[in-house]
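Peer 1: Here is how the chains run, residue by residue.
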Amino acid sequence: MTLLKIENLKKSYGHFQALKGVDINVEANEIYGFIGKNGAGKTTTLNAIMNFLSTDGGSIIFDGEPIGPLDTAYKEKVAFVPDVPAFPTYLTARETLKLSAELIGLDDKEADLRIQDAIKRTSLAYPDKKVGGYSRGMKQRLAIACALLKRPKLLLMDEPTSALDPVGRRDLLELVKSLKNETTILYSTHILSDAQSICDKIGLIDHGVMRLEGTVRSILSSRDPFVYIIESENLNSVFEALKRSATFLKSIRMMEGHLEMDLRETANQSDIFDFLKRSKIDIDTLARKTKNLDDVFVEVLDETITSV
Amino acid sequence: MMSSWRCSMKPLLRYELFYFTKTSRLIVLGAVAFILSALAALSARYMHEILAYVFRQEGIEPPPMDPVTVADAYVEFFSQYAQIYVLVLLFIAVGAFTHDRTKNHYPFIFSHGTRKNHYVSAKFIMIVAAMLVSLAVGVLSFFFYAQVLFGTFDFLRFFGGVALFVLFMIFLIVFAGLVTFATGSYVIGLVVSIGAYILMTSITFVDFGVFGYLPNQLINQANLFVVGDGEPRVLFMTSLISVVVTVLLYLATLKVFSRKPLS
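Same order as they appear, the protein sequences are chains A and B.
In terms of this note's numbering, the first sequence has 145 at position 140, counting the first letter as 1, and numbering is strictly consecutive.
In terms of this note's numbering, the second sequence has 596 at position 246, counting the first letter as 1, and numbering is strictly consecutive.
Hints may be right or wrong, so weigh each one.
Stated by the list, open to error - When the alpha-carbon atoms are kept at most 20 Å apart in a straight line, the in silico SDA-like pairs for lysine to any residue are as follows:
id, chain 1, residue 1, chain 2, residue 2
1, A, Lys103, B, Phe370
2, A, Lys15, A, Asn43
3, A, Lys134, B, His455
Bear in mind the hints are in silico, worked out from the structure with no lab data behind them.
Okay, chain A solo, but in the shape it has when bound (with noise of 0.2 Å):
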C-alpha cells in the first residue's frame, strides 16, 4: 500500500528551480533512501511535505487524502527529523519532550508514559540536563525521541547522521533500523552506505529531477557489476588515449590518483588489455571491483563523468 506519494512536485525560488516535477512513492513500512548531492533537493521535498513552504505545482497525497497547503491536521502521524535539530537551549531534555508532548497533544499520563519509552529507545542520556549542554548526536536523539512520542505513520528524516562520529552514526542507523516495524521511514541522505545498509528502496534526485527509483538490488542488478580500474604514472594521457578512441567504453572519469570506467554491456576486461596493447599504453595497475551503490551514484550523478 502507498503510504506517500508526491508527483510531479514543483518549487523556485526566484529563477532557480529547486525542484523540477520530483515523483516519489513510498510503501507502508519500508525505509526509502532518499539519496542526492547537498542541493539536489532533498531537503526543499521534506520541507514541502511538512508544509514548511508553499509548492509551485504537484501533489503530496499521505495516507491516501491529498495535502493542501493550510493543512495541518495529517502532522498527527508524520514526524520529522530535522537535518540540524534545535531546540530552546534553556530547557531540559525532558521538559523539550514534555512540551513537545503537549504540542502533540497528549495528556498528561500518556505522555509520561511515551516520554519515558521515547528516553529508552534512544539511549538518550542526561535527560535532565539543559539542552544547551547537548552535543550534536545527543541532540539528533532528542529530536528522534520527539518524532517517537508522536507514534507515527510516516517519519521523515533529512540527513541524521550528516554529523555525527562514526560510533553515533552506527548507533542510530540501529535505531532507525530497528523502527521498521513500526513506521514507514523517508530517510534522506548523500551517505549512500548508510542507504545501502538500511534501506529497501533508493530514490536518487539530482538538481530538482528523480533520476532513479528502485530497491537496492533492482538498481545494482540493472547495471553492469563491476567498475574497472587503471592505474598509471602517465594518468593524464591513458585518460584521454581511452576517451578518444576506446569504443568498448560506457564512461570514463578521473579519480584522485587513478581511472574509472563503466564498459558497454558487450564488451569484458579483455577489450581493455586488447586496446592497451594495441595503443601501446603503458599502465601499473588493471582492476574491477563489484559496484556498490557509490558507484551507481557517481556513474549517474556525478559531473567528472565523461560518457564516451
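Assemble the complex: chain A is given as a structure, and chain B must be docked to it using the hints.
Peer 2: Here is chain B on its own, set in the frame of chain A:
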C-alpha cells in the same frame, strides 16, 4: 491518549512562558520597571532641592519654584517609562518575535501541526503578559515611594493614566510584531519600531481632525489625565481608535505570517 485535534495555544503559551522566565527576560523587565518607578518618585520629590543645590554651587540664588506634588511624580513616571521602559520592552519583544526563526526552532514547533495564528497569538499574549507583570511591579514600587515621599496617592487617576499607557504599549508591540514577522529580521524590526516610536511621539502636536485620536496621542492623554486635564470625549475616541488600529495590525500580522515559509 491522543486528544481530539486540539488547540495548541496552551503548550505555546507555556513555551513562551519558559522563554520569558528561564532566560531572565521577565526579571530584567521587572527590574527596569522597579528602578524607573523608584527614580520617578525620588526625582520628582527632590528635583527642587537638586536644582537649588546646583544654582548655589554656581553662586546663583535659586528662583522661586512651585511646591512639588504627587502629580509631578505621576508625570515623571510616564516620562521615565516613555524614554527608557519602551525601548527595553521593544528590544525584548522583537527578540521574542525573531528568536525561533534565528535559532531554527520552527521545525520543532511546527512539525506537530501547530497553527501559525496560534503561534503568533501566543507570542503577543505572553509579551503583553510580561509587560503587565513588570508594570505591576513598577506601579507597586511607585505607589510605595510616592506614598512615603508625598503622603498621598490618587489611585483612580494614576491607574487611568497607566491604562492609557498600556494601550499604547500594546499598539507598539503589535506594530513591532507586524514589522518583524514581515521582514523576519531582528535589526529591521527593532530599527523600524524604534524609529516609528520616535516619529510618533515627536509629532503629537499634529492633532487636527483624526490625528488627534491616533494611538500616538495616548501618552499625551495619559499625562493630561493624571494631572486632571484629560477630556473624556477625546480620551474615549483616542482609546477606541487605538484599539481598532491595534486589532487591524494584529490581523495583518496573522495574514503576513501565514504566508511566510518556515524553512
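Peer 1: Does each hint fit the structure? Answer for all of them.
Peer 2: Here's how the hints hold up against the structure:
no. : hint                : in the structure
1   : A:Lys103 / B:Phe370 : 18 Å, holds
2   : A:Lys15 / A:Asn43   : 18 Å, holds
3   : A:Lys134 / B:His455 : 19 Å, holds
The structure meets every hint from the earlier list without exception.
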